[in-house]
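Q: Here's the letter readout for the chains.
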Amino acid sequence: MANIPGLIVVEPSPEQSKHRAAGIFVRKEKRIEGESVKEHLRKIREDARSNNASLIEQLQKTLGKYDGVKITSAKDAKEAVSYIKQIADNTTLASINKSNIVVNELRPGLQAAGFKTYLRYYGEFNNFEEGKFQKKVEDYWSLPGMHGRNLVESFDKRHSITRLSSSGIKDYVAIMGVNAISAEDGTVYFLQHMSNITKDLQQAKKIILVVGIEKILKNKEDALFHTKSMGIYGLESILLDLIPHDIEKYDFESLPELSGENGQELHVIFYDNGRSELLKNGYSDLFLCIDCRACARQCPVGQHIFLDKGMVYSPKNYLLGSLQGWLPPVEVCLHCGRCQVECPVDIDIPTLIWKAQFEHYAEDGRSLKKKMLDDPELLAKLGGMTAPLSNWMVKLWIVKMMTQFFTGVHKDSTLPEFHRQTFRDWFKGGSHE
Amino acid sequence: MSNKVVYYHGCFANYYNPDSGKALVSILKRNDIEIIVPEQKCCGMPMMANGNPAGAKKNFDFNARMLAEAAAPGYDIITSCPSCNMMLKREGLPFFDSKDARFISERIYDASEYIYKLYLEGKLNTNFGEIPLKVFYHNPCHLRVQNITDVPVALLRLIPGLEVVKVNTNCCGMGGSYGMKKINHERSVEIAQKLWNEIKAANVDAAVTECGGCGLQMAAGTGIRVIHPLVLLNDAYVKGDARKAA
Ligand code: SF4
Ligand code: SF4
Chain A
1 MANIPGLIVV EPSPEQSKHR AAGIFVRKEK RIEGESVKEH LRKIREDARS NNASLIEQLQ
61 KTLGKYDGVK ITSAKDAKEA VSYIKQIADN TTLASINKSN IVVNELRPGL QAAGFKTYLR
121 YYGEFNNFEE GKFQKKVEDY WSLPGMHGRN LVESFDKRHS ITRLSSSGIK DYVAIMGVNA
181 ISAEDGTVYF LQHMSNITKD LQQAKKIILV VGIEKILKNK EDALFHTKSM GIYGLESILL
241 DLIPHDIEKY DFESLPELSG ENGQELHVIF YDNGRSELLK NGYSDLFLCI DCRACARQCP
301 VGQHIFLDKG MVYSPKNYLL GSLQGWLPPV EVCLHCGRCQ VECPVDIDIP TLIWKAQFEH
361 YAEDGRSLKK KMLDDPELLA KLGGMTAPLS NWMVKLWIVK MMTQFFTGVH KDSTLPEFHR
421 QTFRDWFKGG SHE
Chain B
434 MSNKVVYYHG CFANYYNPDS GKALVSILKR NDIEIIVPEQ KCCGMPMMAN GNPAGAKKNF
494 DFNARMLAEA AAPGYDIITS CPSCNMMLKR EGLPFFDSKD ARFISERIYD ASEYIYKLYL
554 EGKLNTNFGE IPLKVFYHNP CHLRVQNITD VPVALLRLIP GLEVVKVNTN CCGMGGSYGM
614 KKINHERSVE IAQKLWNEIK AANVDAAVTE CGGCGLQMAA GTGIRVIHPL VLLNDAYVKG
674 DARKAA
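Going line by line, the protein sequences match chains A and B. The opening residue of the first sequence carries number 1 in our numbering; numbering runs sequentially from there. The opening residue of the second sequence carries number 434 in our numbering; numbering runs sequentially from there.
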């Protein structure tokens with residue numbers, strides 16, 4: 001019988017959470033200190049970052065001891081997809097989990113290779129109607145906000161799979177990004193919000209675990225803590241894209257069960273796709289990310305762009321996607337700086353975004369429109385010198401159209417009023433004395 | 434005068450809202466603080482945002498030098514625009530680091546932060562007259578991310594008669610010139626919608642915010658009058674004078 005490392009599914013417990021949510025008000029001593037959780041988490045992540053190469057090596061050795069696991073490495077999405085294609089036999093039906101790696105980095109390639117990919121998870125929300133649907137999400141999570149303040153943990157090990165099954169399996173591949181994996185003993189962790197992951201681990205003929213190389217942690221304790229933290233900090237964000245929109249449904253339950261000799265297979269892909277580059281070229285802080293998406297809830301633009309690609313983009317993923325080339329260069333950021341506020345590992349995303357933009361413009365140049373907006377001070381000086389004429393001018397339709405054409409400033413924008421006397425003039429004039 | 438501060442007015446107070454700068458001068462004067470206004474250029478954030486780090490560096494270095502020189506005797510530096518404050522305090526540092534830059538970063542304050550600090554130290558002249566106004570306060574992202582959220586509201590609440598009906602910390606979607614650009618306009622409006630709805634629902638006399646961009650966005654969507662908190666604070670002093678004179 002094949003032997004495999006443990007596959008552990010972590011999930012918030014609604015019962016427990018209600019109980020504990022009530023608890024924070026009465027049992028103050030049970031509160032977890034936000035800062036100590038962050039500190040511990042940061043240490044774990046820094047460890048994973050600085051020892052990445054040796055952790056990869058150790059994990060490869062560890063997994064080699066399990067005869068039920070086939071391991072491979074993929075330097076990019078193309079390699080990963082071609083491996084999946086090769087082992088899928090003739091199956092083109094794939095259930096994927098809501099991992100950023102799988103959805104963003106692999107899905108387009110999988111689709112191009114002829115796979116039908118379904119986020120099985122969406123299917124479990126049977127009501128995508130406005131209002132009603134949101135309510136259901138709240139019921140499920142029923143936890144108070146806890147960012148950095150009074151953390152109340154309600155995430156626990158819910159399912160543990162230690163054997164591949166030979167009954168009840170169906171003819172499809174499950175491609176799943178893992179939340180964390182322990183280099184020491186190969187134990188794999190997932191964070192689940194519904195039963196989709198458990199079902200895939202029990203039913204899919206081929207289970208393909210995609211291990212982003214940053215997901216490899218020293219041991220089980222660290223990996224479990226990491227997984228729970230993702231839930232704790234991402235609590236209010238992970239479901240952000242669960243807004244009414246078209247979902248792809250497939251009725252996996254109605255697939256016939258495979259008979260007799262067909263056993264499950266377990267594959268592990270070590271997945272890089274530019275990650276080791278990031279470590280070298282000044283973006284290594286992205287390696288600290290636990291993918292909790294707390295930054296996504298803060299970002300004013302993430303929730304308004306690229307929804308057509310199926311996910312709400314967290315600033316970190318937006319930046320990562322741009323650097324990896326599957327999203328356009330980071331130009332839509334409005335530099336509000338909000339994404340840094342809730343990050344449990346204190347990644348300075350705003351600075352990294354500035355850096356990525358500078359590199360982008362240095363390489364590809366910038367548009368004339370950008371150049372025109374370069375010097376608001378000069379514009380203000382000109383406007384001020386000619387005020388109030390300038391204020392009257394900018395309100396004219398023809399001037400607005402011309403401004404839009406030359407500078408890209410939208411014709412319906414309200415522009416600030418110019419003043420003939422600047423603050424400096426007034427101050428120097430000494431009338432304040 | 435017993436005390437001095439260095440004021441970085443930036444483009445907003447200089448060209449677009451001189452009243453906010455004038456109000457600050459007058460507020461500080463009532464607290465025996467003299468204001469020094471060194472030579473300065475635009476903080477450089479708009480240049481950064483439009484992909485011109487070289488231009489931004491030039492301005493940033495110039496400002497850092499001028500401000501550091503003026504503040505050298507041990508004076509604090511204050512700003513009245515959240516974005517200038519953020520640029521000088523932390524956004525510029527990773528790219529344009531220098532001794533001057535680090536020096537100013539450590540002693541820069543947002544004006545409300547500074548004035549409220551005076552209050553906490555028991556040094557603020559609180560001879561405020563009544564301003565019977567119901568206001569909506571919008572906390573600009575560039576203050577929020579520096580953890581300056583409660584202070585401006587606390588300061589406004591020192592004004593007798595003034596009621597802060599609602600405090601909002603969402604993004605307005607303007608982001609400097611971001612929202613003005615045609616390519617971003619729609620997205621900007623989409624983001625602003627929530628704030629506009631809140632303002633309309635709050636049923637107030639005016640909106641208060643420190644940020645010029647936020648102010649434009651709020652006025653554009655709701656037609657509401659937008660006031661810089663420093664202007665309100667100064668008005669309260671003026672009312673206070675009138676009361677004393679009467
Ligand atoms: S700085 Fe940019 S990426 Fe970060 S929250 Fe603001 S808009 Fe989003
Ligand atoms: S960057 Fe965003 S997703 Fe990553 S850890 Fe920080 S808040 Fe979470």
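Take the hints with a grain of salt, since some may be wrong.
[Unchecked claim] In silico BS3-like pairs for lysine-lysine, Cα to Cα no more than 27 angstroms straight-line:
#1 K437/B / K355/A
#2 K428/A / K633/B
#3 K455/B / K428/A
#4 K599/B / K428/A
#5 K428/A / K474/B
#6 K567/B / K428/A
#7 K355/A / K567/B
#8 K474/B / K355/A
It should be emphasised that the hints constitute simulated quantities derived from the structure, not laboratory data. Given the structure is predicted, the values throughout are model-derived calculations rather than measurements.
Q: Taking 27 angstroms as the top limit, are the C-alpha atoms of K437/B and K355/A close enough?
A: Violated: K437/B and K355/A sit about 37 angstroms apart, past 27 angstroms.
Q: With a cut-off of 27 angstroms on the C-alpha distance, tell me whether K428/A and K474/B pass.
A: Holds, because 16 angstroms separates the two Cα atoms, which is no more than 27 angstroms.
Q: Can you confirm whether the C-alpha distance between K428/A and K633/B stays at or below 27 angstroms?
A: Violated: K428/A and K633/B sit about 40 angstroms apart, past 27 angstroms.
Q: Check the hint pairing K474/B with K355/A against an upper bound of 27 angstroms on the C-alpha distance.
A: holds, 23 angstroms
Q: Is K355/A within 27 angstroms of K567/B, Cα to Cα?
A: Violated, at about 42 angstroms.
Q: Would the pair K455/B and K428/A pass a check requiring their Cα atoms to be no farther apart than 27 angstroms?
A: Answer holds: K455/B to K428/A is near 12 angstroms, not above 27 angstroms.
Q: Has the given pair, K599/B with K428/A, been kept, meaning a C-alpha gap of at most 27 angstroms?
A: violated, 38 angstroms
Q: Is K567/B within 27 angstroms of K428/A, Cα to Cα?
A: With Cα atoms ~35 angstroms apart, K567/B and K428/A exceed 27 angstroms; violated.
In summary, the structure is inconsistent with hints 1, 2, 4, 6, 7 from the numbered list given earlier, while agreeing with the others.
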